[in-house]
Each structure stands twice: as C-alpha cells, then as structure tokens.
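J.: Sequence:
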Amino acid sequence: MVARRWMRITAACTIWTVVTAGAASAQEYRGFWVDTFNTALNNHNDVLQVVANAQASNANALFVQVRRRGDAWYLSSLEPPPEGVPITPGFDPLQALIATAHGAALEVHAFVIVGAVWNRHPVVLGPPSSPLHVFNRHGGFDSATGQIVQGPDNWLTRTLIPDGTAAITFQGHRFGADFWIDPGHPAAAEDTVNVLMHLISHYDLDGIHLDRIRYPEISIAGQTPTSGTSVGYNDTSIARFQQRYGIDPASPPPAQNDALWSHWRRDQITNLVRRVYLDALAIKPNIKVSAALIAFGAAPANWTSSEAYWRVYQDWRSWTEEGILDLPVVMNYKAEHAPATAAQYNGWLEFARNHQDNRLVLNGQGAFLNAIEGTLRQVRRGQLPSAVTGATLGGTIFFSMATSNVAVASNPFSIPAGQATPARPFSEFASALRTGRSADGAVLYEDPAVEPVPVFADPATVPVLVWKANPVTGHLRGTVRNEAGVVVDTGLIQVTQDEAAVPGGPGRTSVASATDGNGYYGGVDLAPGTYRVTVAPAGQAPFTGCPVTVTAGAVATLDMTIDRDAPATTITADPAVIWPPNGQSVQVTVSGTATDVGTGVSWITFRVIDEYGEDEPEIAVVAAAGASSVSWQRSLSLTASRQDGDRDGRTYRIEATVTDGACNSSVFVTTVTVPHDRRPSASVP
10 MVARRWMRIT
20 AACTIWTVVT
30 AGAASAQEYR
40 GFWVDTFNTA
50 LNNHNDVLQV
60 VANAQASNAN
70 ALFVQVRRRG
80 DAWYLSSLEP
90 PPEGVPITPG
100 FDPLQALIAT
110 AHGAALEVHA
120 FVIVGAVWNR
130 HPVVLGPPSS
140 PLHVFNRHGG
150 FDSATGQIVQ
160 GPDNWLTRTL
170 IPDGTAAITF
180 QGHRFGADFW
190 IDPGHPAAAE
200 DTVNVLMHLI
210 SHYDLDGIHL
220 DRIRYPEISI
230 AGQTPTSGTS
240 VGYNDTSIAR
250 FQQRYGIDPA
260 SPPPAQNDAL
270 WSHWRRDQIT
280 NLVRRVYLDA
290 LAIKPNIKVS
300 AALIAFGAAP
310 ANWTSSEAYW
320 RVYQDWRSWT
330 EEGILDLPVV
340 MNYKAEHAPA
350 TAAQYNGWLE
360 FARNHQDNRL
370 VLNGQGAFLN
380 AIEGTLRQVR
390 RGQLPSAVTG
400 ATLGGTIFFS
410 MATSNVAVAS
420 NPFSIPAGQA
430 TPARPFSEFA
440 SALRTGRSAD
450 GAVLYEDPAV
460 EPVPVFADPA
470 TVPVLVWKAN
480 PVTGHLRGTV
490 RNEAGVVVDT
500 GLIQVTQDEA
510 AVPGGPGRTS
520 VASATDGNGY
530 YGGVDLAPGT
540 YRVTVAPAGQ
550 APFTGCPVTV
560 TAGAVATLDM
570 TIDRDAPATT
580 ITADPAVIWP
590 PNGQSVQVTV
600 SGTATDVGTG
610 VSWITFRVID
620 EYGEDEPEIA
630 VVAAAGASSV
640 SWQRSLSLTA
650 SRQDGDRDGR
660 TYRIEATVTD
670 GACNSSVFVT
680 TVTVPHDRRP
690 SASVP
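Going by our numbering, the sequence shown opens with residue 10, and the numbers climb by one from there.
Derived by calculation from the structure, the hints in this document are not laboratory data.
Quick caveat, the model's predicted, so the values are computed rather than measured.
Beta carbons are placed, not taken as given, at the ideal position from N, Cα and C, and that holds for glycine.
One or more hints might be untrue.
[Stated by the list, open to error] Pairwise CB distance ranges, derived in the manner of DEER restraints:
{"hint": "1", "residue 1": "Thr-174", "residue 2": "Ala-563", "range": "47 to 53 Å"}
{"hint": "2", "residue 1": "Thr-558", "residue 2": "Glu-620", "range": "54 to 60 Å"}
{"hint": "3", "residue 1": "Glu-359", "residue 2": "Thr-566", "range": "26 to 32 Å"}
{"hint": "4", "residue 1": "Ser-637", "residue 2": "Thr-558", "range": "51 to 57 Å"}
{"hint": "5", "residue 1": "Ala-563", "residue 2": "Gly-513", "range": "19 to 25 Å"}
{"hint": "6", "residue 1": "Gln-104", "residue 2": "Thr-398", "range": "41 to 47 Å"}
{"hint": "7", "residue 1": "Ser-519", "residue 2": "Ala-108", "range": "40 to 46 Å"}
Generate the whole structure from the sequences, applying the supplied hints.
T.: Written as structure tokens, this is what we have:
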C-alpha cells in the first residue's frame with residue numbers, strides 16, 4: 010500500500026457563489042450529459058438541436074460524449090470514428106458543437122469513456138473494422154479461436170469468476186456487453202493519456218470529463234467491503250504487483266480481498282486521474298477536469314464502506330482531497346417517487362456538500378429515472394445548503410438530454426397527486442425548468458403557490474473557479490528513470506519544499522506518493538517555491554534530484570534519472586608557470602575532458618582564486634547539453650606579478666565544477682604560479 014500525505018492548504022478561500030433559483034445573479038452549473046448512444050451528432054442540424062435544447066432550458070454547459078468505445082466524434086483524433094454511425098463525411102461534430110455552443114454562451118466539456126473500449130460480441134458481430142481501434146491492437150482477440158489471448162500486449166482487465174457467471178464471458182474479459190482496459194497495464198494508461206491530451210491540444214474545450222474511470226462492477230451475490238471483487242486481473246498488472254511486494258511470480262494471483270491488492274487497484278485508477286489532471290493543465294491551465302463519480306446505494310457513514318471504494322476501486326474521496334479534479338460530478342441517480350431511493354438521494358447530497366475540499370462538486374441528477382415533477386423536487390434540494398456546514402453544491406448536471414424524464418404510474422408528485430404521468434418530450438422538460446408548467450401552460454409541474462419561482466427561471470452564469478481564475482498555488486509532475494534508463498515503477502516519492510516564494514503562503518509544502526507504471530509522479534496545489542524530489546525505488550536507497558521551481562498557476566516539470574555517481578574531468582593550465590613577474594597580462598588556456606556515463610555532463614563552471622584577492626577573472630560556463638564526454642577549453646588573462654616579500658610566489662587556483670544531469674557535481678583544481686626569483690633552474694627561461 011502506498012501512503013499519501015499532504016500538508017493541507019493553510020489559507021481559507023471562497024471558491025464559488027451559488028444563489029437560489031430564479032435570482033438574476035445566479036452562479037451555478039446547469040448542464041446536460043449528451044450521450045451519443047441516444048443523441049445524434051451526425052450533422053450540423055443535430056448540433057443546432059442540442060444547443061437549442063440547452064438554451065431552452067436556461068442551461069450553461071454541455072457534457073458531450075465524444076469518446077464512446079475507443080472511438081471519436083471528432084476528426085483530429087488518434088482513434089477511429091464510431092462504427093455504423095452515419096456522420097456526414099468531412100463533418101467534425103465536436104468542432105461544430107464548440108463553435109455553436111460558444112456562440113450561445115454554453116461551455117463544452119468533452120465527455121470521454123475511459124475504461125470500456127468495445128461493446129460488441131467479436132465472434133458474432135466481429136471486432137472493430139478499423140485496425141487502429143484499441144481492441145484490435147491490444148484486446149488479445151484471436152479470430153481463429155474466438156478467444157482472448159493472454160500476454161504482455163493484452164491491455165484488457167479481467168475477472169477470475171468463471172464464464173457464464175454474472176454475465177461474464179470471453180475468459181473473464183467481457184463484463185456484460187463491454188471489454189475494459191486495465192489501468193494497471195502501463196501501456197494502456199499511457200495510450201489513454203495520449204488520446205486525451207491530443208484531444209485537448211486540438212480543440213477549444215472548456216473541460217474534459219472522465220466517465221467509467223474505474224474498474225467494471227460485477228453483479229454477484231456475496232460481495233462486501235471485506236470480500237472485495239474479482240476484477241483487475243490483467244497479467245501485466247499482477248506481475249507489477251508481485252514485483253513491487255517481492256512475491257514469487259510463480260505464485261497464484263492475489264486474492265480479491267487481499268488488502269494490498271485492493272489498494273493497488275485503487276492506486277492504478279488514481280494514478281491515471283492524477284496524470285490526466287496535471288498533463289491537461291500543462292497544456293491548458295484553465296481547462297476544467299471533471300469526472301462522473303459512483304454513488305451506488307446509500308451514502309456511506311465511512312468512506313471505505315462505499316461501493317465506489319471497494320467494489321469498483323474508484324477512490325474519488327481521495328481525489329477531492331488531493332485536488333486532482335476541478336469538478337467532481339457525483340452520479341446521484343435515484344428515483345424520487347420511491348421513498349428509499351429518495352432518502353439515498355438526500356444522503357449523497359449531504360455527503361457531496363461536505364466533501365468538496367477546495368474544489369466544486371456538482372450534483373449529477375438522474376432525470377432518466379424520474380418524472381419531470383420528481384426531477385424538479387430533486388433540483389431544488391440540490392440547491393439547498395448543508396444543514397450542518399452551510400456548504401452548497403456548484404450546480405446540477407442532468408442525465409441525460411436524450412432521456413429527460415420517464416413515465417411514472419401513480420406519480421405522487423403530479424398535480425393532482427397519483428396520476429399516471431407519461432414520458433414527455435424534451436420541450437416539456439425545458440419548459441418545466443423555466444416556468445414550472447407545460448409548454449402550453451395547461452399542466453402544472455410544480456404548485457406555484459408553494460414554489461412561485463421556477464428552478465431555472467432566469468439564465469445563470471457558471472461559477473468562477475478561483476483556483477483557475479486567480480491561482481495562488483502551482484503543480485509539479487515528472488517521470489523517474491533508473492540508471493539503465495528504465496522507468497521506476499512504484500518508487501516512493503517525497504516532494505519537499507526547500508525554499509518558499511512567500512513564507513507561510515497557501516498551498517502544500519510536501520507530498521508523499523509513488524510513481525505509476527510509467528515512472529510518472531505528481532504533486533498538486535503546491536505552495537510556490539523551490540522543491541526537491543526524492544525517489545526510493547523498491548529495495549534501494551533514496552535518491553534526490555535537482556531542485557525545481559514551482560510557480561502559481563503553472564505545472565512545473567522535473568524528469569529525473571537516478572545517477573548516484575558524480576562526473577569527472579581532467580584539467581590542465583598552459584602555461585602553469587608565469588615568468589617573468591613583469592606586471593603584464595598573460596593569456597592562460599585551461600582545458601580538459603569531462604565525462605559522466607550516467608545522466609551526462611550538463612555544464613562546467615569555473616572559479617579563479619588569487620591568493621592576493623586582486624586578479625580573479627570570470628570564465629565562461631561550458632554548456633555540455635548532457636553529453637557523456639566533452640572536451641573543453643577556456644582562456645583567461647592573469648597578471649604576471651608577485652609581491653617582493655612573497656618567498657613562495659603567487660598562486661592562482663583555478664577550480665572547475667562539473668555538474669551532471671542529476672545535479673551531482675565534483676570540483677577539480679589546477680594552479681598557475683608566478684614564482685619567486687629563487688625558482689627551480691628548470692623553470693628559468
């Protein structure tokens with residue numbers, strides 16, 4: 010298990026303002042998940058309809074699914090387009106949506122499915138048609154046998170539950186309809202990050218929204234917080250786990266309730282989220298990183314008993330604590346007309362309000378489970394402050410635009426109560442949000458005597474995220490390699506501040522974590538200043554790298570290679586003896602060859618020390634740019650004089666300090682003398 014410690018942010022700050030419904034100055038997120046399974050984005054008219062729906066609802070944000078199953082609803086992509094979707098040739102759905110939505114003052118967040126990458130039976134319906142699809146490249150599917158082949162190139166996660174149990178097929182690799190990648194496979198994690206960073210780099214997005222950023226859930230009896238679940242058994246991830254903890258690789262896979270194994274699986278997900286957060290901010294500091302977070306069942310009294318924590322290994326409570334999401338979106342999907350689930354909805358609201366940790370949590374509301382009347386009730390409760398702390402949430406995101414309401418028999422919230430209310434078109438949902446009535450005014454969705462101001466009567470602006478708009482902390486990331494250039498997997502990391510830019514200012518001054526399978530590490534919300542990073546690979550002594558400066562609002566990068574040996578150089582001066590002592594300036598050439606077989610020579614600096622303290626010229630730095638061997642030469646002028654009473658002659662000490670890429674340094678010395686008259690005869694010209 011890897012412990013994580015952070016020194017908490019010391020300065021209190023007001024993060025957002027949320028005003029009650031109907032106020033002209035309201036600041037809250039009002040958004041829709043737009044899932045492309047059920048909402049078309051195939052042409053410009055489709056885009057116009059989505060934006061029009063949002064405007065009709067007084068919404069201000071769209072979370073639009075642009076990666077569904079290892080595919081892309083955008084043209085500038087590393088992945089293929091979706092299978093069997095009639096997107097107009099040459100049409101870029103995402104680009105068109107961004108242009109249209111921004112023109113209507115709507116934010117656009119790219120909603121991407123991370124874990125699930127393919128959802129069709131590869132034998133019956135065939136694998137993806139594109140050879141570039143991640144399932145074809147790294148799903149291990151053998152078309153000759155119709156089976157999934159294990160091996161280091163297989164990125165899929167799997168369960169050890171037998172096929173045929175709990176909708177498990179394909180040797181434990183297919184969960185229901187879906188195949189999932191395993192973030193414990195370093196190449197799978199790296200590829201996912203590359204896909205998302207390419208997306209962020211090529212589109213003017215307001216945010217990136219991570220969904221299914223977890224392991225798949227398995228519906229089988231007997232699962233509890235102590236039993237854990239049988240998931241995450243990718244061969245490469247198991248091998249990494251065994252190596253990290255010194256377990257014989259011939260041993261059986263770890264048990265599903267093994268505490269270290271459970272922490273390992275949580276760490277794989279968290280490591281991926283941290284890297285996405287830091288790499289995204291390094292590209293676009295103002296981009297908002299969000300995720301859809303599991304809220305199965307009732308809100309937990311103890312976080313470790315939550316299904317997010319023990320069933321799908323999504324430790325999102327630690328993500329809000331660490332600050333690796335800007336907008337955590339809790340999928341609080343509960344039916345209002347069922348008293349038990351309505352109570353669960355209230356519990357998760359209170360949990361979310363009181364666990365925001367200097368970020369802004371949004372309520373993900375399950376419109377697809379509710380009649381319009383039930384959704385309006387839930388929105389209103391979501392806008393209320395905590396009865397305990399007074400904290401408020403940052404707004405509501407509806408799932409989904411495609412299914413904004415459902416039919417409810419004997420709806421307890423219809424007017425009058427107890428009617429069978431049908432599924433209504435989106436136009437009715439939008440009208441209810443704005444007016445509390447049907448589009449024609451004939452049907453009341455709320456009693457105006459009780460709720461005179463509709464929930465979204467007036468437009469609202471998105472809240473200002475002060476850590477984005479006026480940052481006072483910075484971030485750090487990097488990759489660690491060993492002496493052979495191989496990434497350090499699960500090396501313990503300690504980030505420690507050497508010197509504060511503003512003593513006592515806000516932000517963390519230390520972070521303890523570990524590298525991921527790609528040697529990546531990171532620290533979030535650091536107080537500006539100079540830091541040192543120490544890595545301790547398993548079974549080895551710690552190693553501390555070069556200092557790095559963290560500034561507010563930026564992501565600093567420090568890539569490290571472990572190099573415990575200091576560099577060396579030869580050094581000679583020509584001439585080494587100056588004669589006669591006539592007070593003239595004499596050109597002296599200092600030269601040598603510097604070597605470092607580890608990280609290479611970075612630079613050579615010089616210092617001249619005159620024993621009289623009079624003539625100490627500066628010598629230009631030699632920049633070696635990481636060369637393993639560099640021959641160097643510098644010239645300087647020294648004065649050919651010495652004091653009459655100096656029986657030993659005058660000595661100039663010339664120091665060459667050689668520094669390598671790991672900031673190891675060594676000092677080498679040569680001397681130049683102006684001797685006394687009684688010099689050795691061999692030195693007399």
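J.: Where does the structure disagree with the numbered hints, that is, which hint numbers, in rising order?
T.: Hints 2, 3 and 4 are the ones this structure does not satisfy, whereas the remaining hints hold.
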